[in-house]
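Heads up: the protein sequence lines correspond to chains A and B, in order.
Quick note: the first sequence uses this note's numbering, first residue 193, plus one each step.
Quick note: the second sequence uses this note's numbering, first residue 2, plus one each step.
Just so you know, the hints here were simulated from the structure itself, not pulled from any lab data.
Every residue gets a Cβ at the ideal spot worked out from N, C-alpha and C, and that includes glycine.
Take the hints with a grain of salt, since some may be wrong.
Said to hold, decoys possible - Derived coverage of chain A by chain B (criterion: at least 3 residues anywhere in the stretch with Cβ under 8 Å from a Cβ of chain B; other residues may be distant): (1) 201-215; (2) 281-289; (3) 453-461.
Said to hold, decoys possible - In silico DSS-like pairs for lysine-lysine, Cα to Cα no more than 30 Å straight-line: (4) A:K285 <-> B:K97; (5) A:K285 <-> B:K140; (6) B:K140 <-> B:K97; (7) A:K466 <-> A:K285; (8) A:K466 <-> B:K97.
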Amino acid sequence: MTLVALRAGWSRGLIELRQSFTNGGDLWNHFFWPVSMLVVMFFLRDLSFGHSGFLLGTLVLPSIVGMNVAVGMVSMSQQLTAEREDGTLLRAKAVPDGVPGYLIGKMVSVSGGLVADLAIFMVPGMLLIDGLAIGDPGSWLTLAWVLVLGLAASLPIGAVLGSVFSNARAQGLMMLPTLGMIAISGIFYPIASLPGWLQGIAQVFPFYWLGLGMRSALLPDAAAGVEIGDSWRHLETVGVLGAWAVLGMAVAPVVLRRMARRESGSSVARRREKAMQRVG
Amino acid sequence: MTAASEEVVLDVDGLRMRYGTADVLHDVTFRARHGEVLALLGPNGAGKTTTIEILEGFRMRSAGRVEVLGTDPAHGTERWRARVGVVLQSWRDHGKWRVRELLAHLGSYYAGHSTELVRRPWDAGELVAAVGLTEHADKRVRTLSGGQRRRLDVAIGIVGRPDLLFLDEPTVGFDPEARREFHDLVRGLAAEHRTTVLLTTHDLDEAERLADRIMILNGGRIVADGTAAELGRRIAGRDEVRWTRGGERFTRSTAESTRFVFELFREYGESISELEVRRSSLEDTYLALVHRAESGPRAAADGSREAAR
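All chains should be modelled from the sequences, with the hints used to inform the complete structure.
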């Protein structure tokens, strides 16, 4: 990887980010989820969770923040598949250092978009919900490291998934397991109330740990009592997210290189033909 | 037309491509010299795109030796990549980008590849003007018309001021005016920048207008290679002679029309009128070659022997 690829990738990411805030379709995507989640928050805000003394809304807001970071994996994967289909990746391949530049650009634009979406959700969310520990700089420091580690865990895996799926339609199949994962990961309801074997499954994947990490950042310490083992389990969070990050970063270059090597004009044309047949 | 130097830019020897059990290319051999404009002409399915993709380094070959700018494209470095321009059959990428913005961005990858002779990249503003897109420079790519989009594709292909440019079916879907403008653009590149160009086309007229040399690819073999005039001469085409005698129209096809007409006059003298001789065109030659190549391997071998004579 060269300096040129880093610099070009960085500016590419910023350009794409700007584009995503200056056209209707992308703006809709930026606002749809944060706003829907705010609506959910609005209805949850006064429900209390069991006898914990906490409001459900207070517990759910940080969890949603965590979930959104994990969903960065899905956006990464979708964009990669779509841009392979339309030839963007092949274009990158025709340019010196273009493929690393492209991937760096994608990381920058996906993470940037994600942080923007979090802000769109969190700023009104914090006004709506009481009981968050947001006055303490330590909270924001924790949020920052969980965010960075979460991105490092989700984006490379997203890139791998994006290289595996050959078209946007197959990509749609990914939504189902993702939703399932969200359902069992204690995002909308504390995980401790789920059966043990489901808890076990949930703890393998980043969704749960991102939710937990964000709760540890934004909730008062007493809220740890709701969690498994009555603890924020920071070490385990770092361990699991770190393992995903290492796995992703080890596998992604291999898979991506293989995918890029197989790109050619005729493979793009063939996919397009198939896509046309589906439409026609 | 440009005068080519002796430096070999493309050297292809015994190139073969096999998918499963089907051979798509058998023994393709040719060379291109610096500054030459070469057309790879052939019907659909002849193997043109496969050949050009192998040369671009986008596809692995099954056998044979290939050197592009002195390097095997299967192992091309980024420095090599910077000297090669690629325009594929059709693109629809980067739809949200603006024309000049995209050119400036893609150009930035070439900044480290400048040499004393060639300054890279091409300035985005100048390039936009060179391909006639100045008034569309700030438009989003997806709002361009087909012809404008294609000119942008060419602009992207040359933003790094390549020494060698590959154009795959560059004018498919163009109206005649867009096609003429495009031809001027390519000729200008070859003349002013000494860019070596390899283009594929199934349009004979285009090959004749643009190329210094035409190679006809059919059924995975190069069945003829030469200038348009040479190809016309090499393959004895059959001219068509028409005349009227005694109120009756006659048509005869012959390989030696001059001699035939001489005999005709000697025999019938002034009773011959409305004489027409239609020389066999390159088009007839092309069709004859393709037809011959398609009528069987033996015939194809004869055809290539004849073409090489």
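Hints, one by one, checked against the model:
no.	hint	verdict
1	201-215	holds (count 6)
2	281-289	holds (count 7)
3	453-461	holds (count 6)
4	A:K285 <-> B:K97	19 Å, holds
5	A:K285 <-> B:K140	24 Å, holds
6	B:K140 <-> B:K97	9 Å, holds
7	A:K466 <-> A:K285	23 Å, holds
8	A:K466 <-> B:K97	23 Å, holds
When held up to the earlier numbered hints, the structure conflicts with none and fits them all.
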